[in-house]
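K.L.:
Numbered continuously in the numbering used here, the sequence shown closes out at residue 232.
Take these hints with a grain of salt, some might be off.
[Claimed, not checked] With a Cα cut of at most 30 Å, we get these calculated DSS-like pairs of lysine-lysine:
id	residue 1	residue 2
1	126	101
2	126	218
3	101	218
4	87	204
5	218	204
6	128	223
7	132	156
8	101	128
9	223	126
10	87	128
In short, the hints are calculated from the structure, not lab data.
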Amino acid sequence: MEIPFDIIARKNGVIESTEPEINDDKIWESVYPCLQNALKNFESMKVNEGVAITADLNEKLACIENYICRIEGQACDMPGQYQEKLKERIKILTNGLVDIDQSRIAQEAAFLADKSDICEEIVRARSHVSQFRQLMASDPPSGRALNFLLQEFNREFNTMGSKAGNADISHLVVSAKTELEKLREQVQNVE
Numbered sequence: 042m043e044i045p046f047d048i049i050a051r052k053n054g055v056i057e058s059t060e061p062e063i064n065d066d067k068i069w070e071s072v073y074p075c076l077q078n079a080l081k082n083f084e085s086m087k088v089n090e091g092v093a094i095t096a097d098l099n100e101k102l103a104c105i106e107n108y109i110c111r112i113e114g115q116a117c118d119m120p121g122q123y124q125e126k127l128k129e130r131i132k133i134l135t136n137g138l139v140d141i142d143q144s145r146i147a148q149e150a151a152f153l154a155d156k157s158d159i160c161e162e163i164v165r166a167r168s169h170v171s172q173f174r175q176l177m178a179s180d181p182p183s184g185r186a187l188n189f190l191l192q193e194f195n196r197e198f199n200t201m202g203s204k205a206g207n208a209d210i211s212h213l214v215v216s217a218k219t220e221l222e223k224l225r226e227q228v229q230n231v232e
């Protein structure tokens with residue numbers, strides 16, 4: 042008569058599973074080189090990424106500096122533009138029947154130019170570019186500080202756009218703010 046295997050297997054001590062002995066030192070010997078290599082590759086990747094992000098940030102900053110220069114160039118012409126606009130408006134309103142007091146036109150143009158003067162904002166925007174570069178070159182992580190500085194940058198450009206009242210400057214401000222947004226997105230990758 043044949044005895045079924047399951048009856049024998051249920052009997053204590055006939056079949057016992059044995060746990061292999063775990064040797065932590067041997068496991069560590071195998072894992073350690075892999076872990077070291079992974080960390081080395083990770084560090085190298087972060088350095089390469091940092092170099093690429095820095096280059097991109099510098100490129101965008103140079104673009105913003107260019108916009109600041111162009112805005113400044115447009116702002117220099119504004120007093121003369123105001124004077125011409127005032128003369129044209131007065132001619133249209135009076136149908137050319139009234140003599141225009143040139144000194145009064147010059148005063149009004151000066152008032153409008155002073156009211157829309159964006160020199161302070163241009164100086165602060167340039168200062169922000171310099172501060173941004175200093176923060177990028179500093180050792181401690183500066184992601185939050187860069188993000189805050191970008192908010193200040195944005196305020197300056199908003200003020201320039203609203204004070205200038207000039208279509209060309211407004212277009213330049215919009216373009217500069219587009220670059221600022223690209224900078225902001227990239228700064229989110231900075232620690």
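K.L.:
Each of the hints needs a verdict: does it hold here or not?
P.N.:
Evaluated hints:
Taking the CA atoms of residue 126 and residue 101, the gap is about 35 Å. The hint is violated against a cut of 30 Å. The straight-line distance between the Cα atoms of residue 126 and residue 218 is roughly 28 Å, inside the 30 Å bound, and the hint therefore holds. With a C-alpha separation of about 11 Å, the suggested pairing of residue 101 with residue 218 holds against the 30 Å cut-off. This hinted pair does not check out: residue 87 and residue 204 have alpha carbons roughly 43 Å apart, beyond 30 Å.
Of the supplied pair hints, the one linking residue 218 and residue 204 holds, its CA atoms being roughly 16 Å apart against a limit of 30 Å. For the proposed pair residue 128 and residue 223, the alpha carbon gap of about 42 Å is over 30 Å, so the pair is violated. Note on residue 132 and residue 156: the hinted pairing holds, with a Cα-Cα distance of about 23 Å set against a maximum of 30 Å. Simply put, residue 101 and residue 128 have alpha-carbon atoms about 41 Å apart, too far for the 30 Å limit, and the pair is violated.
The suggested pairing of residue 223 with residue 126 is violated, with an alpha-carbon distance near 36 Å, which exceeds 30 Å. Distance check on the hinted pair: residue 87 and residue 128 sit about 61 Å apart at the alpha-carbon level, beyond 30 Å; violated.
Checked against the numbered hints given earlier, this structure breaks hints 1, 4, 6, 8, 9, 10; the rest are met.
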